Structure formats: structure tokens, C-alpha cells
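Protein chains in written order, with my numbering: chain A, 1 to 304; chain B, 1 to 282.
In case anyone wonders, no lab produced these hints; they're calculated from the structure.
What you were told as hints is all true, and nothing was included just to trick you.
Label pairs and their in silico Cβ distance ranges:
| # | chain 1 | residue 1 | chain 2 | residue 2 | range |
| --- | --- | --- | --- | --- | --- |
| 1 | B | Glu157 | A | Phe5 | 21 to 29 Å |
| 2 | A | Phe191 | B | Lys123 | 32 to 40 Å |
| 3 | A | Arg210 | B | Pro199 | 23 to 31 Å |
A quick note: this is a predicted structure, and the numbers were derived from the prediction, not measured.
Ideal Cβ positions, reconstructed from N, Cα and C, are used throughout, including at glycine.
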Amino acid sequence: MRLLFILGEIGSGLRRNLSMVISVVLVTFVSLTFVGAAGMLQMQINQMKGYWYDKVQVAVFLCNDGSTAVGCASGPATKEQQANLQAMLESPAVKQYINDFQFESQAEAYTHFKEQFSNSPIVDSVSEDQLPASFRINMKNPEKYQIISETFSSQPGVETVSDQRQVLERIFSWMNGASVAAMGVAAVMIFCAVLLITTTIRLSAFSRRRETGIMRLVGASKTVIQLPFILEGVIAAVVGAVLASVTLWLMAHFWLNGDLSTQFLNTPFISSTQVLVIAPVLIALGAGLAGISSLLTLRRYLKV
Amino acid sequence: MLSLPPSKARAPAVGLGDYVMSGGVLRAMIRFENVTKVYEQNARPALDSVSLEINRGEFTFLVGASGSGKSTFLRLILKEDKASSGSVYVAGQNVANISSWRVPKLRRGIGVVFQDFRLLPQKNVFANVAFAMQVIGKSRSIIRETVPEVLKTVGLEGKERRMPHELSGGEQQRVAIARAVVNRPGILLADEPTGNLDPITSMGIMGVLDKINQNGTTVVMATHDDDIVNEMRRRVVELKNGKVIRDEAKALYTSMIPVVGESRRLKDASGEELNRAQGAQL
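Given the sequences, and given the hints that come with them, work out the whole structure.
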């Protein structure tokens, strides 16, 4: 009986304040979308770091069939060229700069590639011989990259020498910046959401002051009087959080793993199932914010 | 009904012969002990050391000019306000000792009726009365059984489906009374219940309140209506500037006994205040 009564009160409250409730839904939706986007960026950074970071600092790519660099004029790198490069890496002149190195064959490169892009259709269109073999070098001091680059780039059979860490660092710092910016926008929007929820609950309490006054006089408990108002705010915020989660999932599914993954072939993107981890966090955050701000508002504007 | 108080709250029953247990039931339903209520620090107190007892089943009129402290008196019983000093006992329990989460329980034992009815305009008569039972969690079957009974008591049989705006003022007040007593409170407080009604309708309302009182409910009614008070001949407590200046059984609206000492003292303090108060009283 009391449950039905409370549900009825919530229903009438939501209907009476429909425009305010919709604005609460939208503001929480936008703010939590930004929170979620920041979270997704962090997940993306971790995903990329997990594969590349610390593992690789400098890569010496060998020529393959499709190479167009000057050093590759004579076709794919031969066994002798490869052995020659390995000998150079082991020579004391180079060895003093590096911790260790490893050779990644085309087969290994292909295996790694498949792991990275397990969510992407690109795997099917790439074959083993399209990927270059490489020496992966772990530097003692990444700043000495120039020495390695000068030594190896002119060698026969070497297509290019790249300091992947530098490239990655730039990408990561850009992504970090974007995630901080998203959090900043989210913070402002959450502040808006809290203010809006507060105002909505206040209006709701004001428009139903007759009912609450009578409830008080006949001895209704604090819970029965306040719960409908709190749940109104919480329901609106949770609807916003669900919308935000759906939006993020759609973004991951159709944009990251659709459009972007075909454009940026050598980037591992987070999968849309990973995004689902963020959804409960967003819903809890929305519900918590709305609950606390409603409770504080009621304490001031709805005497029991 | 209000539950009996814990023994701790009952302790200071000193020197008041009336305040005893009779057959396990307390006689004093409402008791004020030197109660003072100050709203603003420097202003005259709304109630000024009022001591008063109202017994179980009694019908008491609270009379006095506007601002004499009648409403404050009622608010203190409901624990809407806290006494600045002194103690208020309801059913033997000191309301100051009731924790805030138990205040609803106190209020379930007290029905309240106002001058402006305070009905919910979008609910019909039945729903307005049922509302008071719904919010304290009564079951649907009990509500369906009790509400028509109470509506019959207040003389509104067959008007369950009417909306408040389709009713006369008197009928609306009857709905409000039905709502106030539907949970069978031990006390009914009425704050000028006839203030918006014509004399004949008012007498009808008094009939309803009298009937409720006959059923054992303690009734305290604040009023300006001298005709009603003179007609009913019940106990009259007169307040003036926050003090009780008369407490008479079976009395009239205006006292037959002049209260000389009190008047003189007030005149000395503030002549203007006294004139205004007397004007309203006559």
C-alpha cells in the first residue's frame, strides 16, 4: 500500500514537473557522457600502452615486398643483411647504448597484429608478407635515439628506423590532454546538473506543499514524505546516465570499432564491451549525485 | 490513541492534584507547565509562562484577540514549535523529549482542523479522507471500511465522489474534520474552524465537533466566534498577550468576572496595547 502510494506520488511529481525533469535528464546525460568519454580515453591510453609502452623504444624495420625506401632498391631484406644487422647490434660500439633487442619476424608481427586488432575486420585483409620484420631495440637512454637512427637507416635492407616511443608519447600526451579537458567539461556540467536537480526538487516540494503539509499533520513518517522527491531526482539522473552509457557504447561500436579502426589500421582500439564497464559507474554516479543533492535540498525546504 | 508515556517523562507531577492516574489512564491529556514561547529575542513573548491542564475527553474553547497566543498554544502541542522555557506534556509525555523521528507518531494521536479547510483540490471527498490513512500505511481494505463510516459521522453520506469545489464551505470543513479524525486521534485541535462560515453552518460544524467529543476525543478549539462559545457553554480559556487571564468551566465568551489585577498591571505596562486588545474583545 505504502509502496504503491509512494510510486503514485513519484509519478504525479514527474508529470507535474515534466519540463524540469527533462532538463535534469539532459544535463546529467551530457555531463555523464563527458565523464564517460574521459574514462574511455584513459582506457584507450592504457590499451595502447599495454601493447607498446616499455616493450619497444626503437624499431628498425626491414625491407619487405612493398617497400619503397632507397635502401630497399634491391628488394626484401636477405638473410645476410639481417645477420649483418644483428652483428652490428651486438658490436660494442652499439651495445653500450642498448639494454637488449629482439628480432620480430614477419610471422610474429602478423600474430601481434591479429592480437591487437581482434575486434577489427582489418585482420582479414592483411597477410603475413605485407608486414615488415623488425629489430626491436630497448635503449638504455631513449635520448640517444639519434645514434641508432644514424647507424642503421643507411644500412642495406633497412627500410626505416623509428622511435616509436616518441610518437606514442606525443599521442598519449594529446589523449591525456583531451581526457583532462573532457573531465573539465564534465565537472562544469555536473555542477549544472546538481544546481538543476536542486531547483527541480525545490519546485516540486513547493508545488506539493499542500500535500506534504497534510502528510505532516496526520503523522506520515519522514520517509513517506521525502522519498518520492528524492526518487524523482534519482530516476531523472539515472535515465540521463543510461542515455550517456548507450551513447558511449554506440560511439565505441560504430565509430571507434567501425570508422576509426579502418582509418587507423595500426592502432588498437578499445572494444565496445569494455565500454560497458563504465556504464554502472556512470549510473551509480548519477544516482548518488541526485540522491545527495535532493536530500540536502529537502532538508532545507521541506520541514518534517 | 497515544501510548502511555515512559515513567521518566511523567516524573515532575508535583503539587497538581489533578495529575494522577485514574484507573491506569492519565486524566490530563494536555498539560502546560510555565510555558513561555519567544519568537523574536526582544519582542513580547507569544506565550508568557502559561500553566494549564486539559483533561481527557474535555471540550475547551481557546479565546482571545489575534496575536494573543492561541495559535502558538496549538503549535506547541503539535511540536511544530519548541517552547522557549517550561514543558508541554501531551498524554503525559513531555514533547521536548520526543526525538524528531518520533514526532510523526505524536501527530498521529492529534487531529487538526483549520479555518481554510486545506483539502486537496484534485482529489474527491473519499480520496481526501483516505489520503490521511494512505500516508501512514493503512491497508486498502481498512480504508474502504473506515472512510465511509467517518463520512457518516460528519454528515457527508453519499458525497464520497464529490470534488472539493463542488461542496459548500460547511461541507468542505466537514471533510477536513473527517480527515482529522479518521485515524482516531485522542486529541482534536481546531484553529478557528468556523472562521469562514456563516452562523448557521457554524452551528452545524459545532454539532459535528460535539459528537466527536462525545465519542471521547479531547477537543481544543481556538475561536473568535462569541455566539458559538455562548451557545455551547463549555470550558473557556482566555488568552491575552500570551497570558491566561481566564479559565472558566461552562463559561461565556466574555467573562462575567472582571479580572482587575491583571488589567491594571497591563495598563501600567502599555496602555495602548491594552486598549487595542479590549477593543477586539468587546
